[in-house]
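Peer 1: Residues per chain are reported as follows:
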Amino acid sequence: MIELIPHILNGLTLGLLFALIALGFTLIVGVMEVINLAHGALFALGAYFAMTTIGGGWFGSSAFGVWWGDLPIATRYAIGVVVGPFLAAFAGMVLELCLRPTYGKPQLYGLLLTFGAALVIEELIRLAWGTGEQSLTVPRAINGAFFMGGLIFSTYKFFAAGFAILAIGLVWLFLERTPYGATIKAGAHDSEMVRALGYDLSKLRLLVFGFGAALAALAGVVMAPIWGLRPHIGVDVIIPAFLIIVMGGVGSFWGAVIAAILVGLSVGITGAYAPAWSMLSMYLLLIAILGFRARGLLGRKSALEN
Amino acid sequence: MSNSKFTRRGVLRTVAAAGGLTAFYGPWHHNRVYAQATDKPIRIGLTSDASGQYANSGASDRRGMLMAVAEANAAGGVLGRQIETTHLDTETTAATGSRVAERMITREECGFLVGAVSSGVANAISQVAQRYGVIYLNTNSSSPTESGENCHRVKFVWDGNGANFSKASIKNSIDAYGGDFMLLTNDYVWGHDTARATRALIDQYGGSVSDEILVPQGTRDFTAALLKIQQANPNVVAAAVGGDDQIALRQQVAQLGMGDKIAWINNQQDWPDIYGLPADNLFGVFGTTWYYKLDLPGVKDFVGRYQAMYPETSMRVPGNVFYNGYMATKNLISAIERAGTTNNIAVIKQLEGHVMSAESRMQHHDAVIDPNTHQVQQSIYLATGNTAPTEEDDIFKILTSSAPEDVRDEDSLGSCKLESYDDTPTFDA
Numbered sequence: 001m002i003e004l005i006p007h008i009l010n011g012l013t014l015g016l017l018f019a020l021i022a023l024g025f026t027l028i029v030g031v032m033e034v035i036n037l038a039h040g041a042l043f044a045l046g047a048y049f050a051m052t053t054i055g056g057g058w059f060g061s062s063a064f065g066v067w068w069g070d071l072p073i074a075t076r077y078a079i080g081v082v083v084g085p086f087l088a089a090f091a092g093m094v095l096e097l098c099l100r101p102t103y104g105k106p107q108l109y110g111l112l113l114t115f116g117a118a119l120v121i122e123e124l125i126r127l128a129w130g131t132g133e134q135s136l137t138v139p140r141a142i143n144g145a146f147f148m149g150g151l152i153f154s155t156y157k158f159f160a161a162g163f164a165i166l167a168i169g170l171v172w173l174f175l176e177r178t179p180y181g182a183t184i185k186a187g188a189h190d191s192e193m194v195r196a197l198g199y200d201l202s203k204l205r206l207l208v209f210g211f212g213a214a215l216a217a218l219a220g221v222v223m224a225p226i227w228g229l230r231p232h233i234g235v236d237v238i239i240p241a242f243l244i245i246v247m248g249g250v251g252s253f254w255g256a257v258i259a260a261i262l263v264g265l266s267v268g269i270t271g272a273y274a275p276a277w278s279m280l281s282m283y284l285l286l287i288a289i290l291g292f293r294a295r296g297l298l299g300r301k302s303a304l305e306n
Numbered sequence: 001m002s003n004s005k006f007t008r009r010g011v012l013r014t015v016a017a018a019g020g021l022t023a024f025y026g027p028w029h030h031n032r033v034y035a036q037a038t039d040k041p042i043r044i045g046l047t048s049d050a051s052g053q054y055a056n057s058g059a060s061d062r063r064g065m066l067m068a069v070a071e072a073n074a075a076g077g078v079l080g081r082q083i084e085t086t087h088l089d090t091e092t093t094a095a096t097g098s099r100v101a102e103r104m105i106t107r108e109e110c111g112f113l114v115g116a117v118s119s120g121v122a123n124a125i126s127q128v129a130q131r132y133g134v135i136y137l138n139t140n141s142s143s144p145t146e147s148g149e150n151c152h153r154v155k156f157v158w159d160g161n162g163a164n165f166s167k168a169s170i171k172n173s174i175d176a177y178g179g180d181f182m183l184l185t186n187d188y189v190w191g192h193d194t195a196r197a198t199r200a201l202i203d204q205y206g207g208s209v210s211d212e213i214l215v216p217q218g219t220r221d222f223t224a225a226l227l228k229i230q231q232a233n234p235n236v237v238a239a240a241v242g243g244d245d246q247i248a249l250r251q252q253v254a255q256l257g258m259g260d261k262i263a264w265i266n267n268q269q270d271w272p273d274i275y276g277l278p279a280d281n282l283f284g285v286f287g288t289t290w291y292y293k294l295d296l297p298g299v300k301d302f303v304g305r306y307q308a309m310y311p312e313t314s315m316r317v318p319g320n321v322f323y324n325g326y327m328a329t330k331n332l333i334s335a336i337e338r339a340g341t342t343n344n345i346a347v348i349k350q351l352e353g354h355v356m357s358a359e360s361r362m363q364h365h366d367a368v369i370d371p372n373t374h375q376v377q378q379s380i381y382l383a384t385g386n387t388a389p390t391e392e393d394d395i396f397k398i399l400t401s402s403a404p405e406d407v408r409d410e411d412s413l414g415s416c417k418l419e420s421y422d423d424t425p426t427f428d429a
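Taken in order, these protein sequences are the chains called P and Y. Mapped onto the UniProt record's numbering, the consecutive letters of the first sequence carry residue numbers 1 to 306. Mapped onto the UniProt record's numbering, the consecutive letters of the second sequence carry residue numbers 1 to 429.
Be careful, since some hints might not be right.
[Unchecked claim] Pairwise CB distance ranges (calculated):
1) Y:A70 to P:T137: 35 to 41 angstroms
2) P:G60 to Y:D394: 22 to 28 angstroms
3) P:L71 to Y:G206: 54 to 60 angstroms
4) P:L12 to Y:Y205: 40 to 46 angstroms
5) P:A74 to Y:K261: 24 to 30 angstroms
6) Y:N172 to P:G162: 41 to 47 angstroms
7) Y:S208 to P:A294: 45 to 51 angstroms
8) Y:G340 to P:F59: 58 to 64 angstroms
9) P:A74 to Y:Y205: 45 to 51 angstroms
Bear in mind the hints are in silico, worked out from the structure with no lab data behind them. Built from N, CA and C at the ideal position, the CB exists for glycine as well.
Pulled out of the complex, with its shape left as it was, chain Y reads as follows (with noise of 0.2 angstroms):
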């Protein structure tokens, strides 16, 4: 006979147990962060480049997220918990990246990653972010491939792309100045999949591209593309140089006076790119999300809030990079609270589709999350450089500003397959 006594308390005291355990171990193999007491800080991991070719712009992107950080944790924080923030460098360098995402995730706890400029890094955050369903806000990298074929279910951009840029203003273009295009790209994922929508556009509206010339990232010196331009003679130059390669060609381009001589589209033109240049590197049409000057209700005690911020920083307004960097991070901390948990699923639902009006954005038009590619449909201006400045900082003079359907990059519709929600590993922060 055995000795063993089954008892109703021992057989609970092992069920419970086992039940404990199953919690923790599986098989829920997806659960990375388990549920934190709810007194904890929620931690914002912020991916913005501090140094390489978008180091300028990183900083302000990050300026924009510590702001709206800031403003939420002096209203009280989100779900009665305070917000902390880390940041890492991630060098402008896709691989610096990775291994950024995937330290800020294992090793920093953050439930929640802001950040990008460059392309290359924003879709190699992504992917780690993916991994661990991990949401990731992909401020102002804006290569259509972000919410096209290389789009996921945690991320969520925030940025105009090169389609809707260039959509923008190639129209215009053809019609005012001819339709011989000549396009300088930067010889990178942005440059490529701005330069590729630009070419559709072309095409679509009767126009064509007599040659690109592809210009590696890091180059200083624009005089060979500049005289094969020149020898050239196209109509229109549609040009998606970046960062300092772009601040660069600005300055030679003036210094040989081709600004008036040839019509030049940049695309878009980041403030922190161009903010200092003389108005004379400012020429050519170009596009932005958002401008200072913009006569709608709320700029203006948005500029003063930045100014009292940062009143040392150089920048004295705030651009188009800390706009998108504050507008993401707030908008991420309002899906939190509609929320009501840090759960990634439930937040990534509250953001997916969500309508926010045009006084929330301080732009002419309302956006939306679109809820299939994950990026923002928003206005988008078209903008040159101001001949005749109110002020010092006044330096664009806003030409047009489209409704976010006229320039829906449609092609992303049909690229990006996000993950199902099955697929996204789930978790609280």
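The shape of chain P in the complex, shown without the other chains (with noise of 0.2 angstroms):
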């Protein structure tokens, strides 16, 4: 039974982990009811932008860039964690534009044009930055390793976790206790109501995909670190982000969190003792909890339960 609890924290992490990449996800499909298929492309582009600045790379050798090379990395670190998802949230609202057009259309054209977002950011990173493995580096007070009961975990894990937890709180509070929170779940429960109150759901809309773009890029600033950064590793997060949201019940923050702690449970659970079931173990996790409430954890009441 001791030897469990080392994988049991493993599992939360895991999972927190899982919440945080899911989170913008969640908030977009529960808002304005499209699947963002460029969720994962914009995680990308997130941590890229975050590689560059932390790096100085913006900059090249000229003398603000000397200056910014001297400063400790744990600033340009804590400047990158912002900058990175300030300017994927700008291309998240650009897509959202492009995405007007598909409003009051069949679900599809939505999907088909977030999945061409996604291909063409993925390529356009490529351009960028090339195809080859990059590395974000984080201050070393962060980085490193620690012992308890005997074994080594990830200080930077630990970090990320509580990262999550940070992030999932103010998100929270934002959604919860602001009037601006109030609007964007008035706009998700009607958005008739809300024009009609005067609000612009254009640009409510505008900025929840904002909003969502830069959660998005947060998780993959946090993530870079310990998944590693290649054009392409959007496509590792939107497949567990969209099982989650599905789980959680589509549109609930906290079902979304509970879902995603499941997740990372069983994945990590399994991953200790029978890890070629580990990737498969979401998945038959999701097929339980369907089978049970096909709405999800928390998700809300279809009117045709009645």
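With the hints as a guide, dock the two chains, each given alone in a separate frame, to form the complex.
Peer 2: What follows is the structure, encoded as structure tokens:
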């Protein structure tokens, strides 16, 4: 039993990271009813932007570039964590503008457009940063390893899990405790009513998409030191994110968080005792949950169920 | 009385027409592509991955093939004919590999196929190629089964395989660190075959395998496996993990500082998989067939040609994957030249048993294409991360060089059953 504890701990940290990945995805699906297949590409784009910011690649060998390079890595990292998601948010907003002609049409249009956008972003990354493996530098204080119970754990992974808790908390506070969050939620519930009350729904959608893209990018910045950084890394993200929001109940914030932790635990524990099943375990979990509760863990009750 | 009139000219005309029809429609059911005009370009299909787990390596592989073709064309082509290439993405997926091979042969009229990184894809392509008799060069996939149970008359395997690399490293590891092994294996054909070869060698040299952790392809978080390895605390971990999975593994092992706490054997290390990684990611001992800093004639010139042809590529120096792609294509072209024809059987015979000098291969020992398994028997190098690099790209430190006969994969000899020439369709490309 004691041997199981490190694996449960690993599963929990992994689950929190999955939750961070799924956060932006669930926000966009919940509010806009758009399955954003470019979520993974925005994840990668944000990480690349942050990497270049931290490394100072934007500034070359100019005087500013030299000054930038002399800054402590912790400062550059903190700035990179902000700049990466900010620039990705801008890309997300451009994508939302492209999506507008698809609103009111069958969902397949939006699906195909975001799929195409994912391919375009991936190719742009290849052109800008090359095809090779890159690494995102992190400050020494959060790198390395520590011992616990005679085993080595990654300091960064625990930092990333802590960061994920913070991000989840902040997003929840934003959605639940600010008027902007209230408007976003109202837009998801009844967009016509929000429009009738005088809110600019187009602007709201633009901001939500930008916010969702920023969250995807933030997850990319956090995950890059663990998973590595390559142009197609977004492909690794989209399937778990999709599974998690379906499992949690489409549009449910806490449903997504709980589902992510369950996925993390199942992958982490099977990874130790039946590793060949670890990837499959998340699909089995999906089948099990949807088998008992078709609308997901905390999904809204369908009108058809009344 | 019949009105029919047999004349000598009429009979000759009929016989000539029947002969012509026979030549085209039968009984030569093997003939797929008919002898083409001699001024028509020779078409080579490049079957390298452009997406999926081995997209990076596939790109490097393809660059190697294209450089060999460009050099041959600049020298006047082969048999007076220029060489054309066509590329389709095999997506690191066996099913796509089959479709690509079928399309390249039947619709793109490719007379030769070159390229692979994934063993599953290579196996799928070679089955289609054998059905049509099209020569296929498996450039970079290194499962022992490729030249063992999945060998084919038309297929030639250019990379060292898992058994070759394990042979070069297992005995040294047992002597240096002890005999308790744990295997970390990618759960697909290459991983399984390499692990099987490793197990056999561990048994042979008196070691034992305490556990094997199978990791599915696409695994991005290895923490569970690494925790289990720590709990078991073996002397040596023999990892057969490839592509993007391996990059993630390396980064996570380095983050935990486990690289120097346990002895790691990483089988083969493909250059595109590790290029650009920090030095502490290059822990353990691993195999390779070539390195750009080998102090041998021709290496510097080869690197210079690569840089001249690909000035924009982020990989500033060629690696083993590029090298294999280049060498395979170059030797295919010279085999056609030696055969004096594009007839597939004639070219196959030129490749079988062909000895390539160490100088032409830029390796320490002569290499030979084994006529029984069609695998290139070549020098195998063991390397580790270079802690004192002379330049930014100099990230390997070569530890040993093994002669082909010392690392020969004997099992393949027993399990490979090549189709006969008669059972292989024949045609001129």
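Peer 1: Please name the hints from earlier in the document that this structure breaks, with their numbers sorted from lowest to highest.
Peer 2: none
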